[in-house]
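One-letter residues, chain by chain:
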Amino acid sequence: MSELIIKNGFVFDPLQGIKGDRMDIAVKDGKIVETSALSSPKTIDATGMTVMAGGVDIHSHVVGPKVNVGRLFRPEDKLFKSPHKSPTCNRMEMGFSVPSTFKTGYDYARMGYVFVNEAAMPPLHSPHVHEEIRDTPIIDNAAMPVFGNNWFTLEYLKNNEIENNAAYTAWLLRATRGFGLKVVNPGGSEAWGWGLNCANIHDPVPYFDITPAEIVKGLIETNEFLGLPHSVHLHCNNLGNPGNYVDTLESLKLAEGYAPKNDFGREQVLHLTHLQFHSYGGDSWGNFESRTKDVMDYVNAHDNITVDMGQVTLDETTTMTADGPFEHHLCSLNHLKWANVDVELETAAGVVPYIYSPKVKVCTIQWAVGLEIGLYAKDPMRTFITTDHPNAGPFTRYPQVITWLMSRAARDETMKTFKWLERTIDATSIDSIDRELGLYEIAQMTRAGPAKALGISNTYGGLAPGMDADIAVYALNPEDMPSDPAMIEKAFSRCAWLIKDGVVTVRDGEVVEEPAKRTVWVDVKVPENAQVQRDIYEHFLRHYSVKLDNYSLFEEHLHNPRVIEVDTTQ
Amino acid sequence: MKTVTLTLTNPSELFIEGQNITPDNFAGRKAAEIAALDVWEGKQKSPLGKYFTVEGDGGATAEETKIVLRGDCTRVKRIGQQMTAGEIVIEGNADMYIGGWMKGGKIHVKGNVDSFCGIGMEGGELIVDGNAAHHLGSSPRGEWRGMQGGVIRVAGNAGNDTATFINGGTIVIGGDADIHISTHGEGGTVIVKGNAKGRVGGQMVKGDIYVYGTIENPLPGFSMVDEVEQEVDGETARFAHYIGDLGERHPTSKGKTVYANLYTKL
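Heads up: the sequence lines are chains A and B, in that order. Position 40 of the first sequence, counting from 1, maps to 40 under full-length UniProt numbering, and the rest follow consecutively. Position 169 of the second sequence, counting from 1, maps to 169 under full-length UniProt numbering, and the rest follow consecutively.
In short, the hints are calculated from the structure, not lab data. Treat the hints with care, since some could be wrong.
[As the list claims (entries may be wrong)] Partner residues are not named here, just some residues of chain B that face chain A (Cβ under 8 Å, in silico):
(1) 40
(2) 125
(3) 140
(4) 141
(5) 247
(6) 249
[Claimed, not checked] Dumping the calculated DSS-like pairs for lysine-lysine here, alpha-carbon to alpha-carbon at most 27 Å:
(7) B:206 <-> A:337
(8) B:110 <-> A:337
(9) B:256 <-> A:85
(10) A:419 <-> B:43
(11) B:30 <-> B:50
(12) A:81 <-> B:254
(13) A:416 <-> A:293
(14) A:361 <-> B:206
(15) A:359 <-> B:254
(16) B:103 <-> A:81
(17) A:78 <-> B:43
(18) B:254 <-> A:85
(19) A:361 <-> B:197
(20) B:43 <-> A:85
(21) A:81 <-> B:256
(22) B:103 <-> A:78
(23) A:359 <-> B:45
Positions of the beta carbon are idealized from the N, C-alpha and C atoms, including for glycine.
Work the whole structure out from these sequences, hints included.
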């Protein structure tokens, strides 16, 4: 069978603690093996280059109905921005901030990524999510169903029925072939169905009379009761508003006293996503300021929390979230087009285009807040690089985000373009930070850390024998790093080589092969629970617009599954 | 200025996508090189010379290049798309997207044009002696930043959806206009010297519309405030002045609310 050896590269594998040692990585039949296991391998010469595991994205909106709404209602996102066809790829590519499925897969591969976790799957629309997963080439996908505004969840948690909620959660993960528990604006998106929102974590949800704090705590308990690979993945309340760092700290404190319980090497009980949108001080757009320091001090001091950045990239992009009330609020700020949807008993969503301009003070402060998160991080294994694609910027800007984190000169260069530079410096601490991250820390923040937090670090995010042979080689010499930061960005934009499942997928930045992609999902065995069975039957009879038999994903929608099994009956 | 003359001698069966026919692309090229430029007929790419005979070389720059199109170009699209300078004269009719996204220079069409001409225009001049179909000077599909600048003059009639999302620039229609003028407009001026059918200025935030004739179905969102004398396109006349669209949001400037203005000739 196929054998490969990647010779002589500088290897960065935080999961094994390898910090740029010159090593050979051996591949046999799609897995990483000891070099001694090879007989006649094909050689890839990585001399003078950086070798890392394939990238793992913990939070990105790439498939599903709201992404598709973004594609449909932003034809201008494609106009004059779409290459018709790359010479080496099978399919046309189009779109900038909301790329087509094909462009999504190809562009992630070109950057050396192999795993992308879809950040929000409306359970009712899981067939659409899985159809788009099938159509997104190369990268392995998982998708997290949203729970934070689900009627079943709200009712069980209101009555403190963790065991019943766990049985329902296991059923829904199976019904949607989902990966983990996503929570978006807990309670707030349900309140949006009443034209309201939950202003803070103690503001009760209309009718259900449960607070966001109770929802989050209940879901953490549920998650650890089941022992899922990933933790609760939270987009907390009051996103995007001045002064919201208070709500963020309160949300983070909900994890206090909980310890992880799982067999997957995960050490956190709460992942707080796109922290940039939640670290604001001030009480108006006039005195809007960064409170990243306060938030990151808390994160640094608490081991049971992980976060990702949600870095603003200063592009014209498309915001899309299950936080329905926020998108309405955003539309009233920028007066651009707005799409809104309510998903029955489960969630809501909105989509609004947004221009993060270097000429607008709030946008440049947001840019600084995001980078401060990465630069204040004491443990890069718990702080991950994302742009909350496409909300703060498209994922294709990861190389630029990496460059900003690695180079003070790159940050200064960007800051020169700011119209309100002085005010941005006054409102943030970005100008006082000289820290420059190294390649090991970047490897922690883009592959090892996210893989560990997702509970998949036995397969993805590292280069130990036995793991998937997903290997990215970048044309960067750690012993002779380029003085021009643009060269770092270039190297991370188009990797020299990407090996996916042992197959040479990208060479010199061009996709040359499209190996089979997978759908990763979590199958939880729970004891039979007659009450939950009956509740599900009753709700579908009375409240859903579809019948129970038509709700669960049909097998034919599921593409090339990789099941992670969890058994709670033992 | 150097002139390149394209004569359509071998008309296409399908429509030709002629976005390469611009002074910008012809500048610095000899006739033979121009004939080798790509055009698309359906999904097939062919050299320009398959359909047109090319006479004359391009100038050194776009500014010094004039293109004259002869023959029946009714099935040629996108002439002058994204041009920044120079001149194009189309002796007869042309199809859609003529002068789309143009930034500068001048296009003169002596016949009629089809839809989407001058869409997303940022500058320059587009003159049509005949009629224009729909979406004249409009915004591209989905785009909220429509016409930014420049001038479009159509001697005849225009179809529907003229100047959607207009932000700047001027459109003068010598004849009548069909429904929807300056929908969602946030600036710019549209002058209709004939009659307008209806839905004039729907959801308009800012900008001006002049209608010399009648509006068959005026919108209820516009309210008459006074009568004014104004100079429009070189002539002075009295107009009834309406503000609107009152159902839409409106910005304030120096403490006063800014409305879109609709003037009808008295």
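Next on the checklist: Under the constraints set out in the numbered hints, which ones does this structure not fulfil?
Outcome noted: 1, 2, 5, 8, 9, 10, 12, 18, 19, 21 and 23
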